[in-house]
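S.K.: Heads up: the protein sequence lines correspond to chains Z and W, in order. Just so we're aligned: the first sequence equals residues 2 to 794 in my numbering. Just so we're aligned: the second sequence equals residues 1014 to 1300 in my numbering.
Just so you know, not all the hints are guaranteed correct.
[Stated by the list, open to error] List of simulated lysine to any residue pairs, SDA-like, C-alpha gap at most 20 Å:
#1 Z:LYS418 <-> W:LYS1179
#2 Z:LYS131 <-> Z:ALA675
#3 Z:LYS670 <-> Z:ALA788
#4 Z:LYS116 <-> Z:THR80
#5 W:LYS1179 <-> Z:GLN461
#6 Z:LYS259 <-> Z:GLN461
#7 Z:LYS49 <-> Z:ASN438
#8 Z:LYS418 <-> Z:ILE505
#9 Z:LYS131 <-> W:PHE1201
#10 Z:LYS669 <-> Z:ASP587
#11 Z:LYS116 <-> Z:GLN508
#12 Z:LYS392 <-> Z:ILE505
#13 W:LYS1179 <-> Z:THR596
#14 Z:LYS418 <-> W:ALA1266
#15 W:LYS1179 <-> Z:PHE414
#16 Z:LYS633 <-> W:ALA1266
#17 Z:LYS418 <-> Z:ARG375
#18 Z:LYS418 <-> W:PHE1202
#19 Z:LYS382 <-> Z:TYR57
#20 Z:LYS487 <-> Z:ALA513
#21 W:LYS1179 <-> Z:THR415
#22 Z:LYS127 <-> Z:THR415
#23 W:LYS1179 <-> Z:ASP355
#24 W:LYS1179 <-> Z:ALA788
#25 W:LYS1179 <-> Z:THR80
#26 W:LYS1179 <-> Z:ASN416
#27 W:LYS1179 <-> Z:LYS614
#28 W:LYS1179 <-> Z:LYS481
#29 Z:LYS382 <-> Z:ALA513
#30 Z:LYS203 <-> Z:SER92
#31 Z:LYS436 <-> Z:LYS131
#32 W:LYS1179 <-> Z:LYS131
#33 Z:LYS730 <-> W:LYS1179
In case anyone wonders, no lab produced these hints; they're calculated from the structure. A quick note: this is a predicted structure, and the numbers were derived from the prediction, not measured.
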Amino acid sequence: MIRNLLVTLFLLPVILFSQNKYTLSGYARDASNGEELIGVNVYVKELKAGASTNLYGYYSITLPAGSYQVEYQYIGFETVIKSIDLTKDMSVSVELSESQTQLQEVEVTSERIDKNVTSVEMSVAKLDVKEIQKVPQLLGETDIIRTLTLLPGITTVGEGANGFNVRGGAADQNLILLDEAPVYNSSHLFGFFSIFNADAVKDVKVYKGGIPAQYGGRLSSVIDVRQKEGNSKKYAFNGGIGLLSSRLLVEGPIIKDKSSFMVAGRRSYADIFLALSDDPDINQNILYFYDLNMKVNYRLGDKDRLFLSGYFGRDVFEVNDLFGFDWGNATTSLRWNHLFSDKLFSNFTFVYSDYTYSLGTPEDDEFSFRLTSRIQDYHLKGSFNYYLNDKNRLDYGFEGIYYRFSPGEITGFTNIKLQNEYAIEPSLYISHEAKINQRLTVLYGLRYSSFYKIGPQLVQIYENSDFPQEDRLIDTLNYKSFDLIKGFDGLQGLEPRISVNYLINEQSSLKASFNRTRQYIHLISNTTSPTPIDLYRPSGTYIDPATVYQYTMGYFRNFSQNTYEASVELYYKDFLNLVDYRPGADLIFNEFIETEILSGIGRAYGAEFLLRKQTGKLTGWLSYTLSRSELKVDGATADRQINQGDWYASNWDKLHDFSIVLNYQLTKKWDISANFIYQTGRPITAPSGKFEFEEITVPIYDGRNNFRIPDYHRMDLSANYTPERKPGKRFYSSWSFGIYNVYARRNAYSIYFQSVANDPDVSDFSTQFFDTQAVRLSIFATAIPFATWNFNF
Amino acid sequence: MKKLILYIITGFLILTSCQDVVTIDVPNSSIGINIVGRVTDSADTYVTVSVTAGYFDQGQTPRIENATVFLYENGSRVSELLPDSLAGLYSTNFRGSIGNSYEIEVQIPAGNPNFEQSTWRSFPETMNRVLRFDSSNVRSLNRNTSPQVFTEGDYALVYFQEPLGKGDNYRFRLWENDSLVTNDITVFFDDVIDGEYFGGDVIPAFDYFGPFDNNGDSATLEVSSLTREYREYLELIAQLAFQVGSTFDPPPAPVTGNIYNVDNPQQSGYGYFTASAVDMITTRYTE
């Protein structure tokens, strides 16, 4: 069946091909560095028809023969207008220059930058890296993920929390792709900073809903990050020195008009902050991160192009030479773009991704040990964009993933290895974007995914397979290499996706979407925020794949010649088979994780409001989300329930989430920025009583997430000084100054509950009494200034 | 690990973080019974009977002083525990034996000011074998670390054989000159160290205390055997009692011990009655 499907997919272009029209195709590039631009509007005025460039900057539009004025439009760039006499298939590539009219309040050249209204896509957040760089940031560190959380529907558990949450989904429900390679941990320093070095990033796009059929494997979102290709015109260096880290990027042509490269590195020096402490338990520690981004591309000819890109990042932490801990991602992507014809663009990708953590004592320690865990996966995928005509586009493709999960191996004074786990995840997809008429556009598609957990593995069989218990083991099955342990396929693997756009008029539209997505791997983490030592584990005998149904509708409206974009979106999500954990679950170095987990359901719903201005002296956005995110674990018996089987708020449930982000260009050299954020405090579990166990006062918790920390709010300010570049002088630099948490609010990072000795002079714990108290921990309790010097030459 | 992460966070943010004691209003749950005790093979058997209190109520939780407490061995009553000098404490000089199972029954009469009339019983606990200490000594230690963080000095070392055969669970407690050093819970099981000798060529002796300060000081180490259920209970108690408040903590869990209401078995108490074999060793420091 799979073979037949593949054959059909490859033959589709032939079946549907039409010879009555001509095709205009090509690439859109940045004139300053030759980088392909993603999402450039290609608009044919005479026909009111258009297309946009794909993820590789390629466009194709098939039109009747004729003479046309074709506009190439991209926010922040001068519109290019080409007169095309279309009497045959033509390849026209254009170069767009950055707009010199940024300071005008209304940018006259971009009158049709109205994708917000006209595109069938909804629930999409797209941020330009230059825009991100102007947002005031903690310690001046440009942070893509933190900036994304200022948009509607994207939030975190709190400052310094690993990962982020999209529309009520858990942190492991986000598919984070860096040049198509999945990244398993997007944070450095336990969540304070993201792993993406903004200097090396070209484009960031987030799908919160209406997820296209080409993406799968996670329930709640896709974050598609594309690295720069490298300047194909000249050698360039840019970098910066900040309070937290320094960075340097080098890029340039390898062979003129054929090949270019980009290498970027970043290294933090958080160790310096630790050294400022008087406490020897703190000041002799080592803590830093580094990352390295790399990309090379090579044009084999007009129709073929190769890309090789990679990322390697590590966090390193050492306590007084006693204990070491490091973790990080490594990814490699090899991609081949091939044009089968002007209408059929294809991309074949091979990806290797690896997330590893390791902790232990120094090797020369007499009782040394090292625990290592990792997840590795290999992807092979092909994607095809077939541009039938100006009204229809087909996207289709396939993907195969091979996973190797290595939950743990201890070496040193003893050698123990938990069993590896293996799985295969094949999938196929097809989608069709059809402009039914001038008002109605439909994007519908189907993804079919399946998942096969395979050997070798010893699988334990329990008395009650619905509730495995360590002491109720009845058998062990021995599966050999590639033996099928458990398969998930059939109709459950169908993932329909549909989005509809009804254009009310040129300024406004109504959109709706539905998607069903499946997730076969699960982050095993029962902490409020995931930690670097949490690992993904596959679905299998005892863990079912998770599924979500998402329904979204929205109203989109642009004002003042598209200077202002506004949108309101409503969403509802139903989650099935979410993994939760039994009380006191022990998850680290646990081979038989099935004895620690429970299965639950979830629901999330909300309304998102966004008002955005992307051009003129004043730019920025105002975002507000009103939402709920709830979970329910209602097993057959009390020990399989949480909160007696009732709905309870998830850790990331925040009723109100409001952000305002503004940047104002004061002069040609100076611009100023401000953020303000207000959020409902996150839920925590507070004790409702206490009892005494020997010398210990033990809090009683009888309701999960029954209390909330105080609401969060914060303002940040910054000023950027960017002197004019002097003609003929290569080196130039700019400065950013700012203050994070301007009015020094002591926002609660957490409230925790502790017992303290009633009489500190009593040294015998058996005669000591303990008092109980609540403590608010604020991690940024003061205003934090920053300064960053950026340079390039 | 969680403490470690919090140290890093607060250490990294040493200039910006702060902690304030705050007053918050949380609803109190209904009052529950709390029965804690143990029978051993080498010391008196005791049980403490108390009730729960509001989290922010200060001082000791209320005690039940007029209960009747019986001990059962392999299902037969073998002793009554009588009120001790401390309020709510009941004891007997009965000693248990390895391999036998033990239960208690606590009867609370009508008219008790702190709790309603009721009868509570524990689920049977088997007294498991325990590792036995061979010997101990004092040795000067200076772990070679850079920078040096261990205090150079004289440490108490203990030598022992962990019995062959997996499934043993242990708890350690430590006294310095007859004062309990900490209320931390230290438990472990023998998955990794099954049948190993501590103090041989492969695994060094366990340095359980040090450095000593004064001539004549003593350090006493107790090891007791546990059932797997009791070890898990202790781990949960430790997790709840010593949460550090970071987002890297797991969600707090409800506690269920091995005590149940005889008339309503669905109703559980908070404590645990355990049966443990015990070994102790004392090292006295002489310069």
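S.K.: Against each hint, give a clear statement of whether it holds in the structure.
M.R.: Okay, the hints, checked on the actual structure:
| no. | hint | verdict |
| --- | --- | --- |
| 1 | Z:LYS418 <-> W:LYS1179 | holds (17 Å) |
| 2 | Z:LYS131 <-> Z:ALA675 | holds (16 Å) |
| 3 | Z:LYS670 <-> Z:ALA788 | holds (17 Å) |
| 4 | Z:LYS116 <-> Z:THR80 | holds (15 Å) |
| 5 | W:LYS1179 <-> Z:GLN461 | holds (18 Å) |
| 6 | Z:LYS259 <-> Z:GLN461 | violated (56 Å) |
| 7 | Z:LYS49 <-> Z:ASN438 | holds (11 Å) |
| 8 | Z:LYS418 <-> Z:ILE505 | violated (62 Å) |
| 9 | Z:LYS131 <-> W:PHE1201 | violated (54 Å) |
| 10 | Z:LYS669 <-> Z:ASP587 | violated (58 Å) |
| 11 | Z:LYS116 <-> Z:GLN508 | holds (10 Å) |
| 12 | Z:LYS392 <-> Z:ILE505 | holds (18 Å) |
| 13 | W:LYS1179 <-> Z:THR596 | holds (19 Å) |
| 14 | Z:LYS418 <-> W:ALA1266 | violated (30 Å) |
| 15 | W:LYS1179 <-> Z:PHE414 | holds (18 Å) |
| 16 | Z:LYS633 <-> W:ALA1266 | holds (16 Å) |
| 17 | Z:LYS418 <-> Z:ARG375 | holds (12 Å) |
| 18 | Z:LYS418 <-> W:PHE1202 | holds (17 Å) |
| 19 | Z:LYS382 <-> Z:TYR57 | holds (16 Å) |
| 20 | Z:LYS487 <-> Z:ALA513 | violated (36 Å) |
| 21 | W:LYS1179 <-> Z:THR415 | holds (16 Å) |
| 22 | Z:LYS127 <-> Z:THR415 | violated (50 Å) |
| 23 | W:LYS1179 <-> Z:ASP355 | violated (34 Å) |
| 24 | W:LYS1179 <-> Z:ALA788 | violated (58 Å) |
| 25 | W:LYS1179 <-> Z:THR80 | violated (74 Å) |
| 26 | W:LYS1179 <-> Z:ASN416 | holds (16 Å) |
| 27 | W:LYS1179 <-> Z:LYS614 | violated (66 Å) |
| 28 | W:LYS1179 <-> Z:LYS481 | violated (27 Å) |
| 29 | Z:LYS382 <-> Z:ALA513 | violated (29 Å) |
| 30 | Z:LYS203 <-> Z:SER92 | violated (24 Å) |
| 31 | Z:LYS436 <-> Z:LYS131 | violated (33 Å) |
| 32 | W:LYS1179 <-> Z:LYS131 | violated (60 Å) |
| 33 | Z:LYS730 <-> W:LYS1179 | violated (74 Å) |
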